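Participant: Protein chains in written order, with this note's numbering: chain A, 1 to 487; chain B, 1 to 491.
These aren't lab readings, by the way, just hints derived from the structure by calculation.
Note that the structure is a prediction, hence the values are computed from the model and not measured.
Glycine residues also receive a C-beta, built at the ideal position from the N, C-alpha and C atoms.
It is possible that part of the hints are untrue.
Stated by the list, open to error - Sample of chain B residues facing chain A (criterion: CB under 8 Å; computed from the structure):
no., residue
1, ASP34
2, ASN85
3, ARG88
4, TYR233
5, GLY322
6, ASP325
7, LEU367
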Amino acid sequence: MTKTATAWETVIGLEIHAELLTDAKIWCGCSTQFGNEQNTNVCPICLGLPGTLPVLNQKAVEYTIRAGLALGCEIAAFSKFDRKNYFYPDLPKAHQVSQDDQPFCVNGQVEFEIDGKTYRVGINRVHLEEEAGKSVHSGDNILGSEFTLIDYNRAGVPLIEIVTEPDIRSPEEARVFLENLRTILRYAGVSDCKMEEGSLRCDANISLRPRGSTEFGAKVEIKNMNSFRSVQRALEYEMLRQQEVLESGGVVQRETRHWDDAKGRTVAMRTKEEADDYRYFPDPDLPPVIVEREWVEAIRAELPELPQARRRRFVEEYGLPAYDASILTTEKSLADFYEATVAEFAEPKTVSNWIMGEVLRLLNETGRTPDDIPIEPNALAELLTLVKKGTIGANVGKEVLEEMFKSGKRAADIVKERGLEQISDTEQLKEIVAEVIAENPGPVQQYLGGKETVIKFLVGQVMKKTRGQANPTLANELLEAALKELS
Amino acid sequence: MKIHEMSARELASALTAGEVSAVEVTQAFFDRIDAVDDQVGAYLTLMRETALQQAEEADARRKRDDDVPPLLGVPIALKDNLCTNGVRTTCASKMLEQFVPPYDATVVTRLKEAGMPILGKTNMDEFALGSSTEYSALKKTRNPWNLERVPGGSSGGSAAAVSASLAPFALGTDTGGSIRQPAAYCGIVGMKPTYGLVSRFGLVAAAPSLDQIGTMTKDVADTALLLNVIAGYDPYDSTSVNREVPDYFASLETDVSTLRFGMPAEFFSADIHPEVRTAVESAIKRLEALGAEVVEVNLPHSTYALSAYYVIASGELSSSLGRYDGVRYGHRADVEGDVFTMFRHSRSEGFGPEVKRRILLGTYVLLSGNYRDYYLQAMKVRALIAKDFEQAFEQCDVIVAPAAANVAFPFDGVVDPAEMHALDLFTVPVNLAGLPAISLPCGLNSEGMPIGLQLIGPAFGEVQLLQAAYALEQEIGPLPKQPQLEVKSND
């Protein structure tokens with residue numbers, strides 16, 4: 001639970017970097033594939049060799065606009081690229097091509113809920129830039145290392161930077177916002193947003209101010225938060241640290257701090273007063289980009305329904321509880337699977353129960369994600385139909401689903417092969433019921449003597465004789481009828 | 001006539017007629033280089049083996065195919081800031097002294113496709129920053145007309161090579177006059193095409209918004225022939241323009257009676273050496289004699305051109321030259337300490353004084369507190385200069401001006417960097433406006449040094465510009481003499 005500083009209001013803004021899912025890099029044809037052998041996805045262009053020039057990958061612009069539209073942004077009619085100049089071994093040209101004052105997207109917003117309360121965070125801008133390479137230090141950091149190796153596979157992968165307004169008021173809000181942002185970007189298909197692979201990264205600016213004040217306090221930038229949880233933890237730590245500084249009459253230093261996840265604290269990196277001057281200027285190698293309105297509208301038309309809208313529709317259209325709707329829509333692929341199943345088996349809540357219970361459990365146990373559910377929606381629908389018709393019981397159905405995940409076989413085939421069908425044949429069951437009555441004179445007498453709960457024992461005997469395959473409802477009915485005749 | 005004295009067009013004719021083979025031609029140029037280049041110092045790197053191999057292939061191709069490129073087998077020299085796959089490309093800098101590119105510049109690919117053997121790489125001011133080639137960190141290049149004088153720059157090696165017949169023609173690059181000024185100093189024809197006509201892919205950048213690859217030739221016809229090879233859209237250069245390229249050679253003609261020539265008042269009121277002024281004015285009289293009309297035009301903002309140019313060019317190059325940090329290629333200092341110490345020492349050792357001056361200037365003008373007052377202001381001036389030219393071209397077809405205020409100066413004749421920068425007075429506005437311009441010889445001064453005249457055209461007006469240059473060249477006739485170099489015995 002987040003501790004809230006009573007006298008202080010926390011103000012948080014986030015800067016998020018997300019790698020785009022284009023096949024090729026932003027200025028050349030090299031692959032963006034993650035995890036390839038070091039320095040194999042490179043060419044003279046992304047290595048920034050003397051004489052090479054960038055040529056803009058239009059897909060990267062398209063994905064940036066798509067991200068902007070998904071975040072409710074206005075799309076600029078005129079945009080341009082600027083050089084951000086600084087020296088670092090993993091930056092091959094000593095400048096990162098980025099966007100300074102005319103980004104592709106501005107003025108968006110993201111809405112999300114925590115415990116039924118709606119929050120809104122403004123998106124200041126979304127701009128397109130290039131990734132640098134990756135430094136692999138022999139020690140903890142570049143200055144404390146004996147040597148550093150550099151992998152340029154990542155250099156030139158297209159990257160969007162999303163900057164929020166300082167609208168976030170708690171560390172929990174920051175985490176939930178980030179989770180929602182991730183869901184939106186994944187829905188839009190622009191980034192896979194894997195924090196563990198670095199395709200989604202988040203830096204945070206946090207400051208405290210006396211509650212009721214409209215001015216901002218000195219802000220601290222936090223870097224190196226590598227999971228959603230660490231974003232919340234780092235901000236909680238930093239919030240309390242600043243609170244202590246302020247309450248002991250101190251002044252918060254404007255600085256950049258590094259989150260140490262193992263130690264659970266932030267450590268000062270450098271003060272902002274020594275901040276680099278990046279000497280931004282328009283990149284002379286790249287003409288400005290005129291963004292045609294027709295193109296923007298075409299991209300907008302191709303956008304899928306976004307998570308917030310889909311969540312609402314699931315509640316309205318399928319009558320699902322808000323909780324179900326939010327779980328089912330966290331991943332587009334899961335929501336798609338749900339809807340495709342409901343289309344074949346029109347009991348929305350039953351489908352939701354099975355997906356939230358069994359399907360997610362099996363995914364979790366087999367280390368899969370909703371992107372690779374090993375069965376088709378119509379296969380799940382078939383299984384649910386078998387359960388509904390009473391061909392198999394619900395518990396057997398769960399076993400069958402597990403087998404479907406393993407072997408990919410259809411439910412009906414598994415039921416047939418393993419002889420799992422319920423015995424719902426009245427004549428056949430009547431014979432078994434007669435046998436059970438004959439073999440259990442004691443309990444029968446007890447029942448006839450008025451102890452009607454004994455019928456459960458007798459049903460159990462029927463199930464035992466049929467190795468669990470008797471339809472329990474039918475067995476109960478037939479037993480009652482037979483016992484009535486005896487009385 | 002000896003092979004090395006022939007123009008590219010004459011060589012092409014001889015090759016077509018079967019009077020000579022490409023191997024013989026290429027060998028003749030290496031013989032000439034061996035005989036005189038130790039006096040001139042035009043080349044940094046010779047490509048003997050590959051050039052002769054390319055010449056053999058050219059000869060085989062001529063035997064095999066009916067339809068061959070016009071310049072098949074005619075060799076060429078390249079300024080050493082054009083990347084050549086497998087051959088070092090130094091930019092005349094210690095920084096890149098050992099740098100071997102793994103790819104060819106687009107112009108180099110085009111030359112190879114046209115079957116033109118590449119003789120070697122020519123000297124230049126380090127990273128193309130300079131106007132005399134004295135800023136080369138690797139070699140001294142001398143003016144073939146007077147070995148005690150500079151060849152001009154930054155394409156001084158290419159200019160000297162063509163002037164001394166060490167190559168039939170060459171490619172240079174022009175950021176603020178780096179083709180036209182050395183061409184004028186060395187008595188040859190130098191052309192900077194419209195920005196975007198020739199791909200810059202593989203040209204090691206100085207100032208990307210101003211850099212343009214161009215031709216350095218013995219005459220205007222050769223310019224047209226060579227431009228035919230290198231001009232055209234390249235998908236690897238976002239600033240290259242996708243438009244149809246005419247046949248510049250086929251469009252050459254001598255009738256200029258329908259053309260109007262503009263003399264910019266601001267240029268002619270500048271401090272021009274009287275002999276240069278006389279030569280240029282007499283050339284203009286010849287144009288009138290050919291029936292052309294000559295009018296006065298105005299380029300009111302051109303007086304700010306030098307200031308704007310040095311702000312923009314330096315700003316861009318301070319960024320472009322950032323990549324030389326010793327990490328991936330180029331000079332790496334052998335120092336103890338962290339990576340940032342290595343950066344500092346590598347750059348301090350690898351760059352020469354003029355490069356450092358411009359990096360400092362460029363860094364200064366781009367600082368966030370200075371950007372608005374310097375860089376942005378200079379960009380505004382640049383737009384005004386471009387507009388001046390547009391308005392001038394409403395009154396004329398071609399602008400005529402000196403290429404340089406004086407002839408080539410002696411070594412160490414200009415020691416003040418600001419004075420050296422001021423040499424580009426007549427050439428810099430053209431780069432700022434992105435226009436095509438050509439400089440051609442219009443006579444010799446009393447010391448026997450060549451004088452250059454410059455013609456400037458509107459954007460993509462190369463056809464008319466070359467027609468005007470060709471007509472004027474025919475009217476002026478060849479220079480009364482050519483550079484005389486002492487040739488070693490075995491020739």
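Participant: Determine for every hint whether it applies to the structure shown.
Facilitator: Now the hints, each set against the structure:
1. ASP34: 30 Å, violated
2. ASN85: 10 Å, violated
3. ARG88: Violated, because the Cβ-Cβ distance from B:ARG88 to chain A comes to roughly 11 Å (cut-off 8 Å).
4. TYR233: 12 Å, violated
5. GLY322: 3 Å, holds
6. ASP325: 6 Å, holds
7. LEU367: 5 Å, holds
In this structure, the earlier hints numbered 1, 2, 3 and 4 are contradicted, and the remaining ones agree with it.
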